[in-house]
Amino acid sequence: MTAHQRKNFWRIGEPGVWLAAAALGLTVAMILLFAGIISVNAMRHLLAPKLALITVRDGGTFLGVAQKNELAPEGGRRTQYKVANRELNNRADFRWLDDAAVAAITYPLAAALVERDGGGDFYGFLTGAEIAGETRNFAADFAGAVELWQTTLARVNPPIDRAQQKLAYLSETLRAGQLRQLRLQYAAHNARGRETAQKELDLLDAENAAIKQASVAELARLQALQAAADREIFIFQTAERQTVRLPIRAIARLTFPNALSFAGRQKYMAARAWTILSAMPREANTEGGVLPNILGTVILIFLMAISAFPFGVIAGIYLREYARDGALTRLIRIAVNNLAGIPSIVYGIFGLSFFIYGIGGTLDQILYPERVAAGITTFGTGGILWASLTLGLLTLPVVIVATEEALGAVPAEIRQGSLALGATRWQTLWRATLPMASPGILTGFILAIARAAGEVAPLMLTGVVKSAPAMPLDSIFPFAHLERKFMHLGFHIYDVGFQSPNVEAAKPLVYVTALLLLLLVFTLNVVAIKLRNYMRKKYAAHAL
Amino acid sequence: MPNLETCAPLVVARDFNFFYGAKPALHQLALDIPRGKVTAFIGPSGCGKSTFLRCLNRMNDLIDGTKMTGSLRLDGKEINDPEIDVIDLRRQVGMVFQKPNPFPKSIFENVVYGLRIAGHRNRTFLTDACEQSLKRAALWDEVKDRLHDSAFGLSGGQHQRLCIARAIAVAPEIVLMDEPCSALDPRSTNKIEDLINELAGQYTIVIVTHNMQQAARVSDLTAFFYEGKLVEVGETETLFTAPRCKETEDYLTGRFG
Ligand SMILES: Nc1ncnc2c1ncn2[C@@H]1O[C@H](COP(=O)(O)OP(=O)(O)O)[C@@H](O)[C@H]1O
Ligand SMILES: [Mg+2]
Numbered sequence: 042m043t044a045h046q047r048k049n050f051w052r053i054g055e056p057g058v059w060l061a062a063a064a065l066g067l068t069v070a071m072i073l074l075f076a077g078i079i080s081v082n083a084m085r086h087l088l089a090p091k092l093a094l095i096t097v098r099d100g101g102t103f104l105g106v107a108q109k110n111e112l113a114p115e116g117g118r119r120t121q122y123k124v125a126n127r128e129l130n131n132r133a134d135f136r137w138l139d140d141a142a143v144a145a146i147t148y149p150l151a152a153a154l155v156e157r158d159g160g161g162d163f164y165g166f167l168t169g170a171e172i173a174g175e176t177r178n179f180a181a182d183f184a185g186a187v188e189l190w191q192t193t194l195a196r197v198n199p200p201i202d203r204a205q206q207k208l209a210y211l212s213e214t215l216r217a218g219q220l221r222q223l224r225l226q227y228a229a230h231n232a233r234g235r236e237t238a239q240k241e242l243d244l245l246d247a248e249n250a251a252i253k254q255a256s257v258a259e260l261a262r263l264q265a266l267q268a269a270a271d272r273e274i275f276i277f278q279t280a281e282r283q284t285v286r287l288p289i290r291a292i293a294r295l296t297f298p299n300a301l302s303f304a305g306r307q308k309y310m311a312a313r314a315w316t317i318l319s320a321m322p323r324e325a326n327t328e329g330g331v332l333p334n335i336l337g338t339v340i341l342i343f344l345m346a347i348s349a350f351p352f353g354v355i356a357g358i359y360l361r362e363y364a365r366d367g368a369l370t371r372l373i374r375i376a377v378n379n380l381a382g383i384p385s386i387v388y389g390i391f392g393l394s395f396f397i398y399g400i401g402g403t404l405d406q407i408l409y410p411e412r413v414a415a416g417i418t419t420f421g422t423g424g425i426l427w428a429s430l431t432l433g434l435l436t437l438p439v440v441i442v443a444t445e446e447a448l449g450a451v452p453a454e455i456r457q458g459s460l461a462l463g464a465t466r467w468q469t470l471w472r473a474t475l476p477m478a479s480p481g482i483l484t485g486f487i488l489a490i491a492r493a494a495g496e497v498a499p500l501m502l503t504g505v506v507k508s509a510p511a512m513p514l515d516s517i518f519p520f521a522h523l524e525r526k527f528m529h530l531g532f533h534i535y536d537v538g539f540q541s542p543n544v545e546a547a548k549p550l551v552y553v554t555a556l557l558l559l560l561l562v563f564t565l566n567v568v569a570i571k572l573r574n575y576m577r578k579k580y581a582a583h584a585l
Numbered sequence: 139m140p141n142l143e144t145c146a147p148l149v150v151a152r153d154f155n156f157f158y159g160a161k162p163a164l165h166q167l168a169l170d171i172p173r174g175k176v177t178a179f180i181g182p183s184g185c186g187k188s189t190f191l192r193c194l195n196r197m198n199d200l201i202d203g204t205k206m207t208g209s210l211r212l213d214g215k216e217i218n219d220p221e222i223d224v225i226d227l228r229r230q231v232g233m234v235f236q237k238p239n240p241f242p243k244s245i246f247e248n249v250v251y252g253l254r255i256a257g258h259r260n261r262t263f264l265t266d267a268c269e270q271s272l273k274r275a276a277l278w279d280e281v282k283d284r285l286h287d288s289a290f291g292l293s294g295g296q297h298q299r300l301c302i303a304r305a306i307a308v309a310p311e312i313v314l315m316d317e318p319c320s321a322l323d324p325r326s327t328n329k330i331e332d333l334i335n336e337l338a339g340q341y342t343i344v345i346v347t348h349n350m351q352q353a354a355r356v357s358d359l360t361a362f363f364y365e366g367k368l369v370e371v372g373e374t375e376t377l378f379t380a381p382r383c384k385e386t387e388d389y390l391t392g393r394f395g
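Chains as they are written, first to last, in my numbering: chain A, 42 to 585; chain B, 139 to 395.
If you're looking for bench data, these hints aren't it; they were derived computationally from the structure.
For every residue, glycine included, the Cβ atom is placed at its ideal position computed from N, Cα and C.
Check each hint, because a few of them may be wrong.
Simulated coverage check for chain B against chain A, where a stretch passes if three residues somewhere in it have a Cβ under 8 angstroms from a Cβ of chain A [claimed, not checked]: (1) 188–201; (2) 211–219; (3) 235–242; (4) 301–310.
Some, not all, of what chain A presents toward chain B, calculated at C-beta under 10 angstroms [stated by the list, open to error]: (5) A238; (6) Q239; (7) Y398; (8) T465; (9) T469.
Below, computed lysine-lysine pairings styled on PhoX-like, alpha-carbon distance capped at 25 angstroms [unchecked claim]: (10) A:K579 - B:K367; (11) A:K253 - A:K207; (12) B:K282 - A:K578.
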């Protein structure tokens, strides 16, 4: 490098270019790493594991899935195995073993992985089945065993599910009846129309009693069905040669992972993924699916969108198009910009005090005085409606600013051209300005929504729960129960990852949930970009 | 050319003053704009030509703190009257801007925009009006097959002719053009000039231009503005060949402006 080149090197600004390129490279690398770690860990939850039969030097054997390998504190390396069979292993799912202590590792084709409805996974060897007192042997007939499991489930479960649904319906109806009873009692107590109220009360009493009776009968029927189903049993033997009898009904999935073909592995993965999307959580959220969380998140986003969009756009239009540019307008503009920077937990507190205690409490006083008297809250407690209004408030400033900016970006000539043709300000806004501003407004709006979709802090104050007894949408009138508590993907990550009794076992599900949330936000952003491109093409500011 | 004095003028300004806040922009204007003629406004930048055009359709109302004094009449009706219906006035006074400003709509919707906001809904009426306006604006042959495509697909010169079609679709009494060709290439400029010559006689046209040849080519009458005052007005030929005032002569010979 000559002296001249060296001088130029600094003057041209080469170091600046390099620095900028390095910063960009680092950013891209971080994003890829971030998405990569989450995806890889989530995939591990879906992939079929290799079930190893480990013989220990001192003589014992056990079935396990290697989790990780690290330097042991005493020297050498050690491996963590998931050994499942919680009830036989002092309630522990995992076991550390020094690599030096391993005598042999084999992967027997007959090793079975059993996902149970309760009690965690089970690893063992299927020896036979007991159907209606009759014993059957499975000498390495893996396909036959899986088929038997499937056919049994398909036969036994539907009536049980129906009974459970009916029971849930009855209890819901009973609850509604009891609330009506409470109301009538309150009315009777307050003198007005005492007689008619008393008559209705008697009727209602009879009705509720009938429902109770039906519930008891249904429960008995359900228990009988379950007991009958529980007589169909798979018999396993653990690696330690202990015999374990598991009701087929309680098996969520039966797999022989070491015997799976390539296609079988793909099918296993697809089935696991589908379970996550379509099933309810099990075992304190650490197993099963996240269907109520997905539904809760989607409904929340939807309600938030329809509450924030009209207000934000109208406020933005007023600020830009109608408000006189005085001190007050400027003050409001500053306030709106500052609102966008307030920590979300503060919105949560506001939602709690204003929406829940303020509006919700008042609604309860007006609509359900009898429930207030009995200490039952309906609207005066957290629920999906209040949570979405709180999030709507959180996105509002961004929507207002986006609307203002998009309107401001419309060339003045368009407005003047319209006004000069005799259009009123409203006509100009509606027919010329707003269509041109719509791409910008919509993009800003969807980005704000995507940002709020992952917020958790305000939800914790306004109605999210780790396990909601019922979803905000169901088949019971009036179908949408917006006062209900709900579950949410973001809160699920926090709850399963940090609050569950078995954090280690729940870890994969945390990554899967994080990946789902990521995909949801990613989808919203892609929609925003596509929409903007489409609208731009339609209403593009002309290139003149 | 008929005697100018015998035509009843469409626009009459007397002792007309205009202020941006405290700053005077037009001073003691006295001007007649005859019906059915093309009148050109010339003068150096900042002398108030656009300001005067915007007085004619009260577009200056959009600017805070503006004020008019004196009398400005359109067809005998006082424009400088707080009681008049501005929307109505603007329908009678079409305007074409320096920068073409088509709306983010189809060609058809652009042309009938003024009619739609005036409440016309009849489809055949709108279709006929669109065709006629586009024909008058010499744009019909170029766009008749894609009336429902976005107006943004047209070229700059076509945009400006579309804006002219849009202005004449509402059948205004007068069309104001503020430097309509300054953003266009020479060919498009030629087309617009031809168009103005076509429209002359059917419409009263006022055109602001910095191009002396253009003023000479298209206008019957020329008014020369200087520093907010109307210095001289007369038949274009006379004004260009034998200006009465020294400022006019200096401007025409390019000594300033
Ligand atoms: N919106 C406005 N506010 C204040 N002054 C203005 C405004 N528009 C124009 N002016 C002033 O009025 C004078 C006339 O401007 P204009 O009518 O645009 O001139 P021209 O069109 O002849 O170039 C200029 O001195 C200009 O600075
Ligand atoms: Mg001008």
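Comparing the hints with the structure gives:
For a cut-off of 8 angstroms, the count of residues in the segment 188–201 of chain B with a CB near a CB of chain A stands at 3, and the three-residue condition holds. Figure legend: the segment 211–219 of chain B, annotated as covered by chain A; annotation inconsistent (0 residues with Cβ-Cβ distances under 8 angstroms, at least 3 required). Counting residues of the segment 235–242 of chain B whose beta carbon lies closer than 8 angstroms to any beta carbon of chain A gives 7, which meets the minimum of three for the stated coverage. With 4 residues having a Cβ less than 8 angstroms from any Cβ of chain A, the segment 301–310 of chain B passes the three-residue criterion, so the hint holds.
Proximity of A:A238 to chain B is violated relative to the hint, the smallest CB-CB distance being about 57 angstroms (cut-off 10 angstroms). Checking A:Q239 against chain B: minimum C-beta separation of about 62 angstroms lies over 10 angstroms; hint violated. With a cut of 10 angstroms, the hint placing A:Y398 at the interface with chain B is violated, because the nearest CB-to-CB distance is about 45 angstroms. The interface hint given for A:T465 is met, as the beta carbon of that residue sits about 6 angstroms from the closest beta carbon of chain B, less than 10 angstroms.
Interface restraint check for A:T469: the shortest CB-CB distance to chain B comes to about 9 angstroms, inside 10 angstroms, so the restraint holds. Of the pairs offered as hints, the one joining A:K579 and B:K367 is violated, with about 45 angstroms between alpha carbons and a cut-off of 25 angstroms exceeded. Restraint check for A:K253 and A:K207: the C-alpha separation of about 12 angstroms stays at or below 25 angstroms, so the hint holds. Between B:K282 and A:K578 the CA atoms are separated by roughly 22 angstroms; this keeps the pair inside 25 angstroms, and the hint holds.
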